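Engineer: The listed protein sequences derive, respectively, from chains A and B.
Read in order, the letters of the first sequence correspond to residues 451 to 968 in my numbering.
Read in order, the letters of the second sequence correspond to residues 223 to 309 in my numbering.
Think of the hints as simulated: they come from the structure by calculation, not from any bench.
Treat the numbers as computed from the prediction; the structure is a model and nothing was measured.
Glycine included, each C-beta is placed from N, C-alpha and C at the ideal position.
You may find that some hints are simply not true.
[Stated by the list, open to error] Using C-beta positions, here's what the derived DEER-type ranges look like:
{"#": "1", "chain 1": "A", "residue 1": "SER801", "chain 2": "B", "residue 2": "GLU302", "range": "41 to 51 Å"}
{"#": "2", "chain 1": "B", "residue 1": "GLU291", "chain 2": "A", "residue 2": "PRO903", "range": "50 to 60 Å"}
{"#": "3", "chain 1": "A", "residue 1": "GLU728", "chain 2": "B", "residue 2": "GLU246", "range": "24 to 34 Å"}
{"#": "4", "chain 1": "B", "residue 1": "ARG283", "chain 2": "A", "residue 2": "ASP929", "range": "29 to 39 Å"}
[As the list claims (entries may be wrong)] Covered by chain A, according to a simulated footprint, are these stretches of chain B (three or more residues, beta-carbon under 8 Å):
{"#": "5", "region": "226 to 235"}
{"#": "6", "region": "242 to 249"}
{"#": "7", "region": "258 to 269"}
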Amino acid sequence: MATEDSDVADELHEPGEGGGHDIEFYGGRIASAIPLALFVAWAIFQSGVLQVSDTTGLVIGMLAALVVGMFFTKGSWASYANTIFEGMTQRVAATAIVAWLWAGMFAQLLQDGGFVQGLVWAADVASVSGPLFPAVTFLLAALFTTGIGTGYGGTIAFTGLFYPAGVLLGANPVLLFGAILSGAVFGDNLAPVSDTTIVSAVTQNADIGGVVASRFKYAILAAVLAFAGYVVAGQVMPGSDVAAGATASLDGQPLGLVHVLSMLTVIGLAVAGRHIIEAISWGIIVALVFNVGSTLLATWGVIESGLQTAPALLFRAPASSGLAQSLDWLPFVVTVEEGTGVAGSLYGGASGFFPLIVLTLLIVAGARIMIQGGGFEAIQAFLLNRVATNVRRAETTMVLGTATVNAMITINTAAEIAIAPYIARIGERFNINGYRRANILDANTSALGYIFPWAGGVLVGYETMRGLGENIPVVNPIDVWPFVFHGWLLFFVFLAAAVTGYGLEYVSDRESEEVSRA
Amino acid sequence: MTLGSFLAGVGFRTNTPSFEAGDEITAFVTGVEDGTAVARVGDSKLRISNAPADAVDTLVRLRVEGFNEDTHVGQAEYLETVGESSF
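Chain A with its partners taken away, still in its complex shape:
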């Protein structure tokens, strides 16, 4: 780390004018893209070829790529090393990281607070038949994922609970899995606590509440068409052959539906213009009151059972410690012989984002090297001079570029971070406003992350399905891609929007709020 003033100034200054750059590479400006290009190649190999969905594996890939890139640097390697620090300390990364930590805690509280069981109860009460089951599942999965913000979490919860019930009721398994993935796309795209929503807003200098409000006009349009598609396809496609003689079991709990209020607290406050940290903090408090309060009521015998399937926070202290033993009357302290540590919804929710946080820091460092080395400028100049020559073509390039990168890389948030600088710069060169840029970036990131067989969303659903038991059919990931209706429709809505100007807003029409209010 630099310690002298001159070194600090060297860290912070921008690339010079007239083609001069901070770092020179053997192979010219384009060689500055080596770290990011190697990372993309690693990501495709790990997640696409080997089908290993492991974010920490991508962290190692990005670390290796940064080391390899250094060998292509001309002269001193200090500028290259300093640029890594410079990239990591950008506000765009810090803002996303802070929002993720809050969103992670909130999402886990809802997951551990019986939200999905509440939705299961609703589906049971409605007595949904097999042919209609995929359409209803799409709506409920969309609602659930909009609450918890993570499409992977929504896919796991619904594949574990709704998929077997739906199949036993006679729903077509492939269509049902497609409906679950569609619901995950919807929530990943729209939820203010979604990791991709947060990245899309902060990288395009727009506030999260405003971004969420501005994307309803695309999301609802695609969702209405997708819902109609599931209703029609449910009637036309053959039902599950395991349904005969089997009894469907939907074991839900109505109390879980209170978390609709937790969800509306966050969405309402975010859209009303409150800072996202403030909005999610209130959501956490409301969810905690429901979870802990219902557990206390159950303890006192007022209600049959509480919402919590895991404590909000639990210190597992060593039994050998006398001090710990003297405190184990506290509800959040337990003494154990082995396996000491901290656990609970708040702990797991925040720590679940740690690998993605480290990966994000490394990717923005790689992007900074590409900017300081001139590679970013070279690709941008090519795109602006040859491809994105007018505003319609620019937006089409943004849609197709985001979709392509996300179709290749399993973990869609990583792909989104890599493509975000291009969306920002190409959009800014036509004064396309921050909300519109964030919407193009996030919709295509969310949509393409749940369609192809190597996509992270498809893989987590497939893994969950394999653990359901012999009687439940497993959908091959390669069969489901045509049936993720909302994913495809969202992509085509944006392609049509780019070509026709539907929803287009310029910076001069309406400025997005300051990023400080992210």
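Position chain B relative to chain A; hints supplied.
Structural biologist: Chain B only, in chain A's frame:
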């Protein structure tokens, strides 16, 4: 934030937006043409007579001085710099 936030942008927007003389707008300076800074908004262009030398990719306040509806090109006066590119 009101219902307007949800409905903003609903509809089809032209690729060549128009401006009135006297309008004060915010826009990114998107390039330099023949030595003059330009703010390209969609496929319309505003030439900025007195922009700072390093204004490209900065967000500036402008006052529109004139705009030709046929060529979609106008002139604007630089008022102040209010921000910069996201990256």
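Engineer: Taking the hints in turn, state whether each one holds.
Structural biologist: So, going through the hints one by one against the coordinates:
| no. | hint | result |
| --- | --- | --- |
| 1 | A:SER801 <-> B:GLU302: 41 to 51 Å | 45 Å, holds |
| 2 | B:GLU291 <-> A:PRO903: 50 to 60 Å | 52 Å, holds |
| 3 | A:GLU728 <-> B:GLU246: 24 to 34 Å | 32 Å, holds |
| 4 | B:ARG283 <-> A:ASP929: 29 to 39 Å | 55 Å, violated |
| 5 | 226 to 235 | holds (count 9) |
| 6 | 242 to 249 | holds (count 3) |
| 7 | 258 to 269 | holds (count 5) |
In this structure, the one hint that does not hold is number 4.
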